[in-house]
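Engineer: Below, each chain spelled out in residue letters.
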Amino acid sequence: MIVIQNLTRRYGGFTALDRINLTIQPGQIFGLLGPNGAGKSTTVKCLTGSIKPSEGDIFINSINIKEEPVKAKSLLGYVPENPILFKNLTAREYLILSGRLYRMDEDSIKRRSSELLENFGLIDKADQQILSYSKGMVQKLVLASALLHNPAYYILDEPFSGLDASTQAVLKETIRSLADRGKTVIFCSHILEVVEKLCHQLAVIHQGKVLALGTPEEITKKSGCSNLEDAFIKLNGERNIKAEADQLISSLE
Amino acid sequence: MINKIDFFQLSTIVKFGFIMETRVRKGQKKRNALLPLIIMYFFAGFIVGFYSLKAPDLFSLAMFSSMVSMLLMGNFMLIEYPHIVTGPEDFSFYAIRPVNSQTYFASKIVLTAVMTFILTGVLSLPSIAMMIISPRFSIVTALSFLLLNFFSGLFISLFIINFYSFLLKYLSYRVIKNVSTVFQFVLFIAIYSIYFYMTNMLRSKPDESFLTFTYNFTSHFIPPAWFASFYISPMELPNLLTMALVPLFIVVLTAMAYKLISMDYAEKISEEMLKSAVVKNQTSRDFPMLGTEPESRAVFTLLKNHFKFSTQFRMSVLAIIPITVIYFIMVLMNNPGSILDPFTSQGQRLFSDTILLYIGVGIFPLYIKNALGYSYEAEASWILYTSPYNPINLIKAIRRFTLMFFIIPYLIIFATVFAFFTQAWWSTVKHFTIVTLLCLIQTDILIYMLAEIPFSKTPQKGQRTIGMFLRILLSLFTASVLLGAVIFVYPFDTGYWIMLIFLFLFALFINFSGKKRAGKILAKVEFTHD
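Chains A and B supply the protein sequences, listed in that same order.
In this text, residue positions in the first sequence follow our numbering: the first is 1, and each later residue adds one.
In this text, residue positions in the second sequence follow our numbering: the first is 1, and each later residue adds one.
Isolated chain B, as found in the complex (with noise of 0.2 angstroms):
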């Protein structure tokens, strides 16, 4: 394979490729669409700095590094760069010209490589430093973690294209697009769930044995095991068995992509991309609560269409579901007992347990507001500025349209559990009143106040990777309000009350000005179409 690649059109490529996703796609200014991404796995690699200071051993430290380097490298590839397999442009321009597959492919997984040691590194650089400052470790074992981070995020890497391209191989690209969701919601579920455990870690528990990890049989199974157990000391044969796992799964995962990924390979996805355009013809069903002035059919039809067509508009909505329900789970299994009534003196005790249920008020409506905004196809917007449409009923349709399919929703689900299990009627009324009134303002902050013509702009690089590290710090915002209203405003009939009407008085001011503001915004981009 090696003889048949044109090492300077791999270059080429590689630098080009490079250029194209860093860039930011706005007219003449040349910004780096790495740059916020990188700061954000700056900061995600003090999760493993600050671990580092409290491991209980090296490879229970590798083992955690490893993981975060995976889960956060495999969330980039999924969210990102799925396009390294899936993406049809690539095709269009390389198949004309003089350019074979071996190189085509070798300028993929080049390119994989070069992104997984930016990022990984990055993320390293934190706990490299604060390993260093630390007398338990030495300056080479803290450098170290260079290598097993980017050996880890390259694993991954390898791992999903390797993992959507045998899909893509056997399935249509339409299956693809459903089954990749699907891994896409396993994957967020991992992500969140780290997440949760490094909550628990942070709250000091004194069970904090899912901190330390233990080499065993069960590590050959475990792929962050076997980057972790080259720091076992003394090495003996069942851990060299276990390191000789890292190279053995690189060079095959490697080798399985080159059968893969090719031009042929390529013309297939496009064409398969061009069949999957051919839908049956289908009645439309309209549905006359959303309103029935044009402008709200027509967001319905627009919003509709992009959740059965575009993968990554499904993927930001129906990511949701499973983030919640693993919240749900999570909380019954560790605080069995703790959906108390928040009224009582033992319920707002224990309400902090429970804060974590109430995610999904903080983060649906920014779920909703980033998925709106962008798309692939933002070009096609040029028809929601050049109709003429009201522009404020269609962004107030855009808000009954998240109300009614996913917050009321989720409100009456998680209003019903709470009942269930505190079965105190009347405090669950009192409690999700205010509960309703916080995810209403949120919305009409998020829709009015920051609105925007959908899907009129085009997604950037890290964009998503970031809109979901703000989703976390949002709902951790909101579940703190909603905490300090438990604490300090329940336990006080008149100052409950009071809090409820202030929060009515508020939602309206901002529903009354998020609608002025939203005129004003529209007014604005009306002529902005480029």
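Here chain A stands alone, though its shape is the one from the complex (with noise of 0.2 angstroms):
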């Protein structure tokens, strides 16, 4: 279970999170919603261990990350939304950098990432130099690396983009799998069709506070809206697209 406590996290004056609560159960995929800026990616960063919280805890399997990161974050597997990665290695050692940072047996390291590599469709290009690699490419490419170790935790921010369609649909029944299991995915995406979908519950963050919180269908029939894009737009505050379409049309006239 992820268990996050009053979660706060500011920079400068600036407050990115502001005391936000949210339990995650084992099995479930949970989904993060939010307008660009919103809090999404600080709260995941929160929760990788990445940058420290202002205040509040973050407790992974009753682990606090703030006074055991090592062991917490031996739990998670991550697909960053920017991936940075060591371009200069072959994306086989990359694997195997991971793997051993996880402490995995070199065995186990050897077969999963020939496996992933395979199942990703990356093999005949393993031992070529990720720089060479097309975006879809490096986005399977991290997605193997957070399968890797098969962590209990599994944190995606938008784990969709540069994929194509048809791997795309094998994530999606993956992050199933993976629940059925009873993993835990936490889950950040902009495709609001998919989160709809694919996950247990929602939680929608604006201005680094949560706004909503239920299943899709909660969220959908709380504000009154037909489907989640526009409870998603109405949550986030009415907007006029059409009036905001034609100004950016008029704009290039």
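In short, the hints are calculated from the structure, not lab data.
Predicted model only: the values in this text are computed from it and were never measured.
Treat the hints with care, since some could be wrong.
Straight-line alpha carbon distances no greater than 25 angstroms define the calculated SDA-like cross-link-like pairs of lysine to any residue that follow [what the hints assert, rightly or not]:
1. A/K71 x B/V325
2. A/K183 x B/R97
3. B/K304 x B/V325
4. A/K209 x A/K87
5. A/K135 x B/E21
6. A/K183 x A/D57
7. B/K54 x B/S144
8. A/K125 x B/F93
9. A/K110 x A/G121
10. B/K4 x A/S62
11. A/K135 x B/K4
12. A/K87 x B/P36
Short derived list, chain A residues pointing at chain B, Cβ under 8 angstroms [to be verified]:
13. F14
14. T48
15. G49
16. S50
17. V70
18. K73
19. S74
20. F86
21. N88
22. L89
23. E93
24. R100
25. R103
26. C225
Positions of the beta carbon are idealized from the N, C-alpha and C atoms, including for glycine.
Each chain sits in its own coordinate frame; assemble them with the hints.
Structural biologist: Structure representation (structure tokens):
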């Protein structure tokens, strides 16, 4: 279980997260939604131990990430929104490096990395430097790296970015299967259609605060809309979409 | 601290860190990026090797060897390796993985030590070989220079790590970038000063006192002397105390680095870099002299912003100033009254004493050329591959930029100083017409004949260090051409005018054919962005 208590993060005078409280159960696919700059990525960075919360605590499997970061991080698999990789390495080397840092044994690293590279269609280019990879290939490699050590908790920030349609379908099914096996998946995406179909529970974040929490159906129903996309737009403040688009086009003329 | 280090993770990080440091970033090729640097250090090792043949005593030799090792490693750390403490890319990878601060710190230090060991080892080889051949030194003494150079290099590497880390702890990243540039200047000056003295050494002047170092009280304040004091015989209490400074400072520097470098520290750097990316809205000023076509304005914006935000680029460009100043000071101090009219017989005789003043003529174009080609943001050059501009106009704008902001101001200042000392105005005009033509020819060869899309290549390990030595070689070549002209052509009036016409026509030819060649090169690279 992941428990987030009064999570607050400030950057100088700016409060990016303001007393966030969430509980994510094992086997749950939990969606974090919000417009650009809402605080999703900051939440994810706090969850993964990349940045320290200004206040509040995060417990991963009852381990406080502030107090025992190494222990907590060993339970996580993370796909960042903008993955920065060591591009001089080959895909295979990258997975070996990652696997060893999670203290996997050599046989498991070799076997599992080959399987993952095969499954993601990267095996033919496994010994090429990552710098020659396309955006989609990089994304597949980052997904492989997150899955490699078979963690109990997955944090996936825009995992479908750059993936082709068939790989997206495979990934959706993989996420469901992981949840069925009792793994916890925290999932950030702007593709609301996917979020609606995939997530058991959602939190809509806006300006660092949780605006709505519940199942996709509950959130849609509470906002009085017919689908999640409309509900999302309504929750984040009504916008005149047509007028904004017209203004954008008129600025080109 | 030791008990908190995960040695399995440590060996993994060091192993892969080493792979990343040594591998060339070129698609599927797996060349060793360190190889050119290793070759360069090997040849640099001959400097100490040759000195070992005429060194007055072992202390002086050890002192000189330690000095060279410190300067070369210091140079390497400053130019190639500053990201060991300022790079945020490690953080995004390691922060999300179960790696603790102690392991992260230890990996940084071990990797530094490994690189230091390789480079100082290569540097030591020629001198060790020459010492073994020489009957003056025992094999054990010769081999001990491996340790001497390693610990000297490690000392300076740790010192620089601490220097950067300490500053980063208390100052903003933006300030550090500027401070580090100043610090790099100082080191560049030191390196070029050494080079200057080495050229003096090769001239075999009677005054060679600089080659003899004597152990005295001040040795306690000169780090190379601490290392060299191991070679004083017989050992007495004062030099035993000096020797004790070596382990003391290595332990102190390591302990200080431990206090400074951690995951928290890496996080701070990462955040600082984000903060430093926020800039105030500034109005841009155009330089109509650079040309009014869109490519000229684009080049000016590109170069101006690179100069503002890229330490690498700023360093490459600004390093020219202290180097030029140091040469002026050195030449004037060592050869007072030697800047004479090169068209008179006495001037021709003493011209070789002032030849180093012309260093800028050779190195300016190469400096700019090297700085313009490479950038750590090379991936962003896709915009230059997709925009509908005329590539020749772009290269022409770069040439104009180089001439207007660097070469012409340099030549004007130089000619003024020259005229002031010689008081021979007509000779100054004649002499600087030749110098300007030489400079133009070099600029056109480098910018047109070896044309490339600006900032489109990622810098490779060792490239900047090698570039520095290439600049020295090129400047020596230019200086020899000038020396030859002054000795063999200047005495004859007709000879001078024939040379002037020849250089003028050659400059026109290079300019004309250079543009054509640049067009061909750019047509080839147009679809090669990866």
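Engineer: For A/K183 and B/R97, compute the direct alpha-carbon distance and say whether it is at most 25 angstroms.
Structural biologist: Holds - the C-alpha atoms of B/R97 and A/K183 are around 18 angstroms apart, at most 25 angstroms.
Engineer: Against chain B, is A/K73 within 8 angstroms by beta-carbon distance?
Structural biologist: Where the cut-off is 8 angstroms and the nearest Cβ of chain B is about 4 angstroms from A/K73, the hint holds.
Engineer: A/S50 was flagged as interface toward chain B. Is the shortest Cβ-Cβ separation under 8 angstroms?
Structural biologist: Where the cut-off is 8 angstroms and the nearest Cβ of chain B is about 5 angstroms from A/S50, the hint holds.
Engineer: Mind checking the CB of A/G49 against every CB in chain B and telling me if the closest is under 8 angstroms?
Structural biologist: Constraint on A/G49 satisfied, holds at 6 angstroms.
Engineer: Double-check A/L89 for me: the hint is only fine if its C-beta lies closer than 8 angstroms to a C-beta in chain B.
Structural biologist: 6 angstroms, holds
Engineer: Given the hint that A/K135 pairs with B/E21, test it: the Cα-Cα distance must not exceed 25 angstroms.
Structural biologist: Judged against 25 angstroms, a Cα distance of about 24 angstroms means the pair holds.
Engineer: Within 25 angstroms, alpha carbon to alpha carbon, are A/K183 and A/D57?
Structural biologist: OK: A/K183 and A/D57 at ~21 angstroms, within 25 angstroms.
Engineer: Holds or violated: B/K4 with A/S62, Cα cutoff 25 angstroms?
Structural biologist: Roughly 23 angstroms separates the two Cα atoms, so the pair holds.
Engineer: With a cut-off of 8 angstroms on the beta carbons, see whether A/T48 makes it to chain B.
Structural biologist: 4 angstroms, holds
Engineer: Does B/K304 pair with B/V325 here, judged by a C-alpha cut-off of 25 angstroms?
Structural biologist: 24 angstroms, holds
Engineer: Minimum Cβ distance from A/E93 to chain B below 8 angstroms?
Structural biologist: 7 angstroms, holds
Engineer: Would the pair B/K54 and B/S144 pass a check requiring their Cα atoms to be no farther apart than 25 angstroms?
Structural biologist: Answer holds: B/K54 to B/S144 is near 19 angstroms, not above 25 angstroms.
In summary, the numbered hints that this structure violates are 1, 4, 11, 13, 26.
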